[in-house]
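Colleague: Single-letter residue listing:
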Amino acid sequence: MTTGLLTIFCRHTSCSLLIQENAAPAARRDLEAYFARIAPEDSSSYTHNDEGPDDMPAHIRSALTNVQLSIPVIDGKLALGTWQGIYLFEHRRLPHRRTLALHIQGE
Amino acid sequence: MTTGLLTIFCRHTSCSLLIQENAAPAARRDLEAYFARIAPEDSSSYTHNDEGPDDMPAHIRSALTNVQLSIPVIDGKLALGTWQGIYLFEHRRLPHRRTLALHIQGE
Amino acid sequence: MTTGLLTIFCRHTSCSLLIQENAAPAARRDLEAYFARIAPEDSSSYTHNDEGPDDMPAHIRSALTNVQLSIPVIDGKLALGTWQGIYLFEHRRLPHRRTLALHIQGE
Numbered sequence: 000m001t002t003g004l005l006t007i008f009c010r011h012t013s014c015s016l017l018i019q020e021n022a023a024p025a026a027r028r029d030l031e032a033y034f035a036r037i038a039p040e041d042s043s044s045y046t047h048n049d050e051g052p053d054d055m056p057a058h059i060r061s062a063l064t065n066v067q068l069s070i071p072v073i074d075g076k077l078a079l080g081t082w083q084g085i086y087l088f089e090h091r092r093l094p095h096r097r098t099l100a101l102h103i104q105g106e
Numbered sequence: 000m001t002t003g004l005l006t007i008f009c010r011h012t013s014c015s016l017l018i019q020e021n022a023a024p025a026a027r028r029d030l031e032a033y034f035a036r037i038a039p040e041d042s043s044s045y046t047h048n049d050e051g052p053d054d055m056p057a058h059i060r061s062a063l064t065n066v067q068l069s070i071p072v073i074d075g076k077l078a079l080g081t082w083q084g085i086y087l088f089e090h091r092r093l094p095h096r097r098t099l100a101l102h103i104q105g106e
Numbered sequence: 000m001t002t003g004l005l006t007i008f009c010r011h012t013s014c015s016l017l018i019q020e021n022a023a024p025a026a027r028r029d030l031e032a033y034f035a036r037i038a039p040e041d042s043s044s045y046t047h048n049d050e051g052p053d054d055m056p057a058h059i060r061s062a063l064t065n066v067q068l069s070i071p072v073i074d075g076k077l078a079l080g081t082w083q084g085i086y087l088f089e090h091r092r093l094p095h096r097r098t099l100a101l102h103i104q105g106e
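Taken in sequence, the protein lines are chains C, X and E. Under numbering that gives the first Met the number 0, the first residue of the first sequence is numbered 0, with each subsequent residue one higher. Under numbering that gives the first Met the number 0, the first residue of the second sequence is numbered 0, with each subsequent residue one higher. Under numbering that gives the first Met the number 0, the first residue of the third sequence is numbered 0, with each subsequent residue one higher.
So here's chain C without its partners, still in its complex pose:
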């Protein structure tokens, strides 16, 4: 395929798809620290905690970001910018198995 559109869809409500800086690890750490500050594990703020104190903050961080990305394909390659990387942003504390649905269209 040389020209088309790739759609990535994350089938969860407690992780996100994110396009971010692909070079500096410090940028990823700062980003994680930021979301921990802006949507903290503060049990007094939430009533929903079926799965623990990181349950509701995970839903909120998911709402503040995205679960879907569509990226054009040009000349057979994703049209990402030089510094763009695609990340799955995990919002739960424990490791989880995550599944994505992909759709590609083009010729």
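None of these hints come from the bench; they were simulated from the model. All clues given are correct.
No more than 25 Å apart at the CA atoms, straight line, and that leaves these computed lysine to any residue pairs for SDA-like: (1) K76/X <-> G105/C; (2) K76/C <-> A100/E; (3) K76/C <-> A23/C; (4) K76/C <-> Q104/C; (5) K76/X <-> L68/C; (6) K76/X <-> T98/C; (7) K76/C <-> Q104/X.
Chain E stretches covered by chain C per the calculated footprint, using a threshold of three residues with CB under 8 Å from any CB of chain C: (8) 10-17; (9) 44-52; (10) 56-68.
Which residues of chain X face chain E? A few of them, derived with a C-beta cut under 8 Å, are: (11) T6; (12) F8; (13) H58; (14) N65; (15) A100; (16) Q104.
It should be emphasised that the depicted structure is a prediction, and the values quoted were computed from it without experimental measurement. Built from N, CA and C at the ideal position, the CB exists for glycine as well.
We have chain C already, so just place chains X and E on it with the hints.
Modeller: Leaving out everything else, chains X and E in the frame of chain C:
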């Protein structure tokens, strides 16, 4: 249609499309409370209030979330995860009639 | 083309694509002020500042918004609502040349 892509587009700037937890009503209430805290109806923070104190917070909450979602169709069904539901997230206080534009592609 | 889907993809990690109110300039100023408050240029909060104090806040503001929009085309026109405008939201202080990748599908 068995395989394709559904795009949902919200034609407004004061509500959002959101994929969130579809089971626990408490999660939705916590989410609404969170956005009320993070983008409050605080008239001293905004100059734009043509439609009242909930006008600018509604635009901000829309910017922090999404007005568009594209979801793959696999085996004739939306490829949503078990816990994912699609919501229209209303950011204004009074009821509003909202319109969506849909695009579906596939075969 | 009368019916289809336009996808706009921003090839950067320090600016965003945003659909917002297209009439009142005050709404845009309030939105910019809001993001400056919620993701401030506070050097004590970030370790990543390779490109200066506005580097990491720009990545965060990008993560909180979007780099991609897909908009249905109906009757030959983008199905935007009356008050919706498409904006490139620049998060860096100095002017930058920005490139978008577009994909259009339809007939």
